[in-house]
Amino acid sequence: MQLTREEERILSDEQGWANRTCMKILVRLGELFGAEKLIPITSAHVSGISYKTLGDAPIEYLRALADANAKVKVKTTLNPQSLDPDYLIRKIPIELRNKQLDILKQFDKMGLTESLTCTPYYLGKPRRGSHMAWAESSAVVYANSVLGAWTNREGGPSALAAAIIGKTPDYGIHKPENRQPNCLVNVKTELRSETEYGALGIHLGKLLRDKIPLIQGLQKDSDQLKQLSAAIATTGMTNMFKAGSITERKETERIEIESSDLKRTIEELNTASGRKPDLVFIGCPHCSHAEMKKIARLVKGKKVKRGIELWVCASCHVRDTAKDAVKQIEKSGGHVLAGVCTVVSWTEKLGIKTIMTNSAKTAYYASTLSKADATLKPMEECLKTALQG
Amino acid sequence: MKPVTLKGRVIVEGHCQAEALVSLKPISFLGGVDPADGKIIEKKHDLCGMCIKDKILCFPHGHGSTVGSYVLYSLAKNGLAPKAIVNQTADPVVVVGAIIANVPMIDQIDIKKIKTGDTVEVDACKGLAKILKRKEN
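Top line first, the protein sequences correspond to chains A and B. Following our numbering, the numbering of the first sequence begins with 142 at its first residue and continues without gaps. Following our numbering, the numbering of the second sequence begins with 5 at its first residue and continues without gaps.
If you are wondering where the hints come from, they were derived from the structure by calculation, not from laboratory data. Positions of the beta carbon are idealized from the N, C-alpha and C atoms, including for glycine.
Computed cross-link-like contacts, EDC-like style, restricted to lysine to aspartate or glutamate with a CA-CA straight-line distance of at most 16 Å: (1) A:Lys165 <-> B:Glu17; (2) A:Lys165 <-> B:Asp95; (3) B:Lys81 <-> A:Asp197; (4) B:Lys81 <-> A:Glu201; (5) A:Lys468 <-> A:Asp227; (6) A:Lys347 <-> A:Glu397; (7) A:Lys441 <-> A:Glu522; (8) A:Lys383 <-> A:Asp362; (9) B:Lys6 <-> B:Glu140; (10) A:Lys512 <-> A:Asp419; (11) B:Lys134 <-> B:Glu23; (12) A:Lys434 <-> A:Asp364.
Label pairs and their calculated CB-CB ranges: (13) A:Ile235 <-> B:Arg138: 50 to 60 Å; (14) B:Lys117 <-> A:Gln156: 38 to 48 Å; (15) A:Thr462 <-> B:Lys116: 50 to 60 Å; (16) A:Asp465 <-> B:Cys52: 51 to 61 Å; (17) B:Pro7 <-> A:Gly265: 49 to 59 Å; (18) B:Asp41 <-> A:Arg438: 50 to 60 Å; (19) A:Asp465 <-> B:Cys55: 52 to 62 Å; (20) B:Gly53 <-> A:Ile235: 32 to 42 Å; (21) A:Lys246 <-> B:Cys129: 30 to 40 Å; (22) A:Glu408 <-> B:Asp38: 30 to 40 Å; (23) B:Glu23 <-> A:Lys178: 33 to 43 Å; (24) B:Gly53 <-> A:Asp465: 56 to 66 Å; (25) B:Asp38 <-> A:Arg438: 45 to 55 Å; (26) A:Met142 <-> B:Lys81: 21 to 31 Å.
One chain only, chain A, in its complex shape (with noise of 0.2 Å):
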């Protein structure tokens, strides 16, 4: 790799360890990957967060890069942690609370702004064309395919890495030549609800490997290809999707999506056999501000029923500017949660066993991650039984 007189300083500094590592990692993945520079980047996101999904492991790690005076250079923003300051906070255990606690103070002290959110771009929109360094996969696809921003797919590490020095290696989807789709998709149904949506991502994920595709098929809403965006990154390495029409061009691979797919890949996702939830979730990816205004309508004047719990997710700045959504939502017996998600919180200690939801992505890792079933459908439907039990 060709490196700047500044950048092969760092690389060599005996004093400056945390600067020094960050460098490294940075050099020795863009090696790895035949990047030739480092390029500037307009912001980074970093995952990794919750205390659930990390264990004691990085802690170390955090504290000894923040010790060592760690600074971020650009924008950078977190993704959600494992709890909210208002309502999960008072059900968790105090040693997990204050674990939580010291990975955030950590990540404050290198200029980390708490924004705890997978939807970053509703905190800031990253210009067209931007180069950035974002790791969570959802928002990673979101960025590259819906909002044409470039990020290739990081790690938490490799994310922190680059916001503490302002750069990434310059390679993959970095570069335009590798934007290109390179697999047809005809989806031949007509998709009718964000979960086809998500049900299309999960399916096309584990086709695709790493291939871009062009898909035909799609809507313009941004809500529905926001839980495309997710699932396809769910199951696969794919880091961008074209949305458009396909043209003749038939040397390349052509995957035929019939509606037979997406209903056998729902069936998959429905686990819990149509038995009662214990939680209803909205807000994986977390929620927008149109979605927030969608739920409000569809919970007013109504009540949650006794023993199911309604949690919506969003990050704070969504919470903030959506507040008489939120007041209608809390109203109602919902619990508007900022910074968190099931998928990232502790839902098992809780007792939460069964998991209904309008993401694909929640559903695909409830079992795993929340051991628990899941029932998959919806925004509507999922208020309906909250509702109405």
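Given chain A, put chain B in place with the hints provided.
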């Protein structure tokens, strides 16, 4: 015996000599290795129950969550890290882990040539793995 020298690529510099622990299966450090005692805990792994501490750990590549990088750091802090890592094909999780844990690492080595119990010298400044002594049967 005459030492057998295998040539690979430098990932993290360093120099050491130790007994090899070899698996032809990928290793996930998150959930696969216990950071408290350095033992492999992945149930279906052929090295399950073995301790990686102070070994030349040879495996094809890593897999699984990027949190695995942090597990390698934790192992090193607890004095339980391998002496060196020798991979067939380095992957980002193990590379980042070896960098932050400062464990010498090389890749592009035909690990099938190394057997568990062999005495191996790793010159991770030159990207070399030398089999000095075969395990005595």
